[in-house]
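Trainee: Letter by letter, the chains look like this.
Number of protein chains: 2
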Amino acid sequence: MQVPRKILMGGGPTNVHPRILSAQSLPMLGYFQEPLLAIMDEIQDGLRYLMQTESRYICLLGASGHAGMEAGIANLLEPGEKIVIINQGVWGWKAAQMARRYRGDVVEVCKEPGVACTLEELEELLATHKPAVLFICQGESSTGTLNDLSGLGQACHQHNTLLLVDAVCSIAGSPLFTDAWDIDCLYAGAQKCLSAPPGATPFMMSERAIHKLQNRRQPVACYLFDMELNGRYWNWWQERSVHNTGLITNWYAMREALAIVADEGLAAVWQRHSDMHHMLWQGLGQLGLQPLVKDPAHRLPCVNAIQVPPGVDARAVIDYAMKTYSLEIATGLPPLNTAIWRIGLLGYNAAPHNVALVTTAFREALQEQGYA
Amino acid sequence: MQVPRKILMGGGPTNVHPRILSAQSLPMLGYFQEPLLAIMDEIQDGLRYLMQTESRYICLLGASGHAGMEAGIANLLEPGEKIVIINQGVWGWKAAQMARRYRGDVVEVCKEPGVACTLEELEELLATHKPAVLFICQGESSTGTLNDLSGLGQACHQHNTLLLVDAVCSIAGSPLFTDAWDIDCLYAGAQKCLSAPPGATPFMMSERAIHKLQNRRQPVACYLFDMELNGRYWNWWQERSVHNTGLITNWYAMREALAIVADEGLAAVWQRHSDMHHMLWQGLGQLGLQPLVKDPAHRLPCVNAIQVPPGVDARAVIDYAMKTYSLEIATGLPPLNTAIWRIGLLGYNAAPHNVALVTTAFREALQEQGYA
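These protein sequences, in sequence, are chains Y and Z.
Counting with the numbering used here, you get residues 1 to 372 for the letters of the first sequence.
Counting with the numbering used here, you get residues 373 to 744 for the letters of the second sequence.
It is possible that part of the hints are untrue.
[Unchecked claim] Computed list of lysine-lysine pairs in DSBU-like fashion (alpha-carbon distance at most 35 Å, straight line):
id, chain 1, residue 1, chain 2, residue 2
1, Z, 666, Z, 378
2, Y, 130, Y, 6
3, Z, 666, Z, 695
4, Y, 294, Y, 6
5, Z, 454, Y, 94
6, Y, 94, Z, 695
7, Z, 666, Z, 454
8, Z, 466, Z, 502
9, Y, 130, Y, 94
10, Y, 111, Y, 130
11, Z, 466, Y, 82
12, Y, 82, Z, 454
[To be verified] Which bits of chain Y does chain Z cover? Going by a derived footprint, with three or more residues having C-beta under 8 Å, they are:
id, region
13, 15-23
14, 37-47
15, 65-76
16, 173-186
17, 284-297
[What the hints assert, rightly or not] Per the computed footprint, the stretches of chain Y lying under chain Z, defined by three or more beta-carbons under 8 Å from a beta-carbon of chain Z, are:
id, region
18, 1-12
19, 244-252
Hints listed in this document are in silico derivations from the structure and should not be mistaken for laboratory results.
As the structure is a prediction and not an experimental result, all values here were calculated from the model.
Here a beta-carbon is modelled for each residue, glycine too, at the ideal position from N, C-alpha and C.
Modelling step: build the complete structure from the supplied sequences, incorporating the hints.
Mentor: Encoded structure:
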């Protein structure tokens, strides 16, 4: 098996922290043995700290971040109910696709790429549609856009709406306060700012979300991601039972990732992502490169969207970085494709030497194209 | 993180092969980088050998074995269509639960625990119900029962029925010939006879199954396991695109697991499981213990169900083995619970020294209870 070393500075996955690589190689445990249940308890404690919540309804889903989106929609929404989906890029678009599969009445609100939502416009949408669920990404990684979610949960609850938030990319990369912001369902990603391998998706529900789940008229259409059944494995109710085999080595990896966050301290982790973001833009700015997101307050620190200047071959820059430095720079995702590059400053990789390398690669690649 | 060493001889997961533990710690690759795509191609080749098929519609799902069941039902069955489900234990029961979520017209055929199906009775069910799909486990691990599937695919196709087979537990543990037996959809487990960690679920579809998928009237209800979308990542169609982030370290693990099978040779792997099964029953027979499955031809070699003799405390035997040898012996699953024990002889652990230890643990634990 040929696995060359790459420096992954695209939109994710990122390089895995060495402590996490070691942790996932610990011996296998049975899916219901005491030491594994203790690790699951510790994971829940770590997730509560990471998400800044005291909810007992917290767990890992055993699949990629998509599973969080699917579980959120499948459990919170009943067929025929209205869901307002903020589409600021690929993830919003996918959420709308999914919600239609679950036979929701989907109101898809498409924003211009790189433009964040204001609380006022979201309040207006809530008042107009009074949806059962509002979906929004804290960070939309396809465009590097960060939404300010403070006050949104309170606004939702005035209209009896549940707030479903995608934090796959932003978790640990930007401040997030689940309880203070009254978020009802939040999911995150392992392979972004947590520097773990994909496969363990942090997932959280509020009391309100659980109440909705327990009073559904129809069963959750997807069996694997039925949170009443998953919650039994994670001790949400009085008695523990297994729903499906946990992804045990991915659990180990997440247990270690959460310990690493706790060791550094969440505020310090947020600050480091912010510092590296500013260092990156200082370097790119000197090259004359511009961010897609105009408003500095709405730039996602951990995934940065860079406008490709007119006349520049975006793909040639990416190829130069990979050929010369084994350095991954990402393209945009549809429809932006080669209109932007994306640079991830994700967890373990959000470090000055990597930021400097990215700047160097851009400078050299642009020089090669004669860009002044 | 406290992860004591355990010898896992229950129904799975099993101890991970050291080569696989090493492989999953290889450096992370981007989800669309050439070296990862090459590994995915190699995995497909390995899976074709493992499953004895030439189908190009083969891949890994990024979740536990349950995902295979969910994907099989979600993709093959349309709402309102009839599915006959052979319930010989927990897995058949789960499949019926799932198929109802997907709004199938479910005919659940419950068999006595430990009794296999005959081709004649299955042919009769097909003729009576003419279902869109027939679901059956090759090996039902909750009761240690092995079904003979030869001829079943041909019988299904006479009634325009698709054959969906669960081989989570039996793959690599018992002979299986996907193409010769005309199976339309097969899924398997990583953490059983392949000795990999859970999280990479082998999944295969026949041309017939793909034809059904491509001519559905309604979209697949579950987005994550829509095989048209997953197939794009695994190069089933002309153009590759990513559906969701692959579980990359779990892919590495499966790549290595498949190499280990190929190194030993599939026939030798099957023979080793059979040999260890006979060695186990020789030892247990001398203690007066009896298998749940009466017919030797229908005993699953890799998961063995042992009747708990009258007056014996099943739980005390399990506790003795764990306390004395850190050895996991499993209980039955509902409704059998403490009516049986289950011994897994799974992949890397299917070795004489483990079989001898199991026999020793039973002898000592039974002696402690005064069982003659």
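Trainee: Taking beta carbons only, do three or more residues of the region 284-297 of chain Y come closer than 8 Å to chain Z?
Mentor: Since three or more residues must qualify, the claim that chain Z covers the region 284-297 of chain Y is violated, with 0 doing so at under 8 Å.
Trainee: Take the C-alpha atoms of residue 454 (chain Z) and residue 94 (chain Y), compute the straight-line distance between them, and say whether it is at most 35 Å.
Mentor: Status holds; Cα separation ~30 Å.
Trainee: Taking a Cβ-to-Cβ distance below 8 Å as contact, does the region 1-12 of chain Y have at least three residues touching chain Z?
Mentor: holds (count 9)
Trainee: Count the residues of the region 15-23 of chain Y with a beta-carbon closer than 8 Å to any beta-carbon of chain Z: does the count reach three?
Mentor: Satisfied; 5 residues make the cut.
Trainee: When you check the alpha-carbon spacing of residue 130 (chain Y) and residue 6 (chain Y), does it fall within 35 Å?
Mentor: violated (47 Å)
Trainee: Sort out whether residue 94 (chain Y) lies within 35 Å of residue 130 (chain Y), counting only the CA atoms.
Mentor: Status holds; Cα separation ~22 Å.
Trainee: Do at least three Cβ atoms from the region 173-186 of chain Y come closer than 8 Å to Cβ atoms of chain Z?
Mentor: Violated, because only 0 residues of the region 173-186 of chain Y bring their Cβ atoms closer than 8 Å to Cβ atoms of chain Z.
Trainee: Would you say the region 244-252 of chain Y counts as covered by chain Z, given the rule of at least 3 residues with C-beta under 8 Å?
Mentor: holds (count 8)
Trainee: Given the hint that residue 666 (chain Z) pairs with residue 454 (chain Z), does the C-alpha gap stay at or below 35 Å?
Mentor: Judged against 35 Å, a Cα distance of about 32 Å means the pair holds.
Trainee: Between residue 94 (chain Y) and residue 695 (chain Z), is the straight-line Cα distance small enough, at 35 Å or below?
Mentor: It is violated: about 49 Å lies between the C-alpha atoms, which goes past 35 Å.
Trainee: Tell me if the straight-line CA distance from residue 466 (chain Z) to residue 82 (chain Y) falls inside 35 Å.
Mentor: Judged against 35 Å, a Cα distance of about 30 Å means the pair holds.
Trainee: Next pair to validate is residue 666 (chain Z) with residue 378 (chain Z); report whether the Cα-Cα distance is within 35 Å.
Mentor: holds (31 Å)
Figure legend: structure checked against the earlier numbered hints; hints not met, in rising order: 2, 6, 16 and 17.
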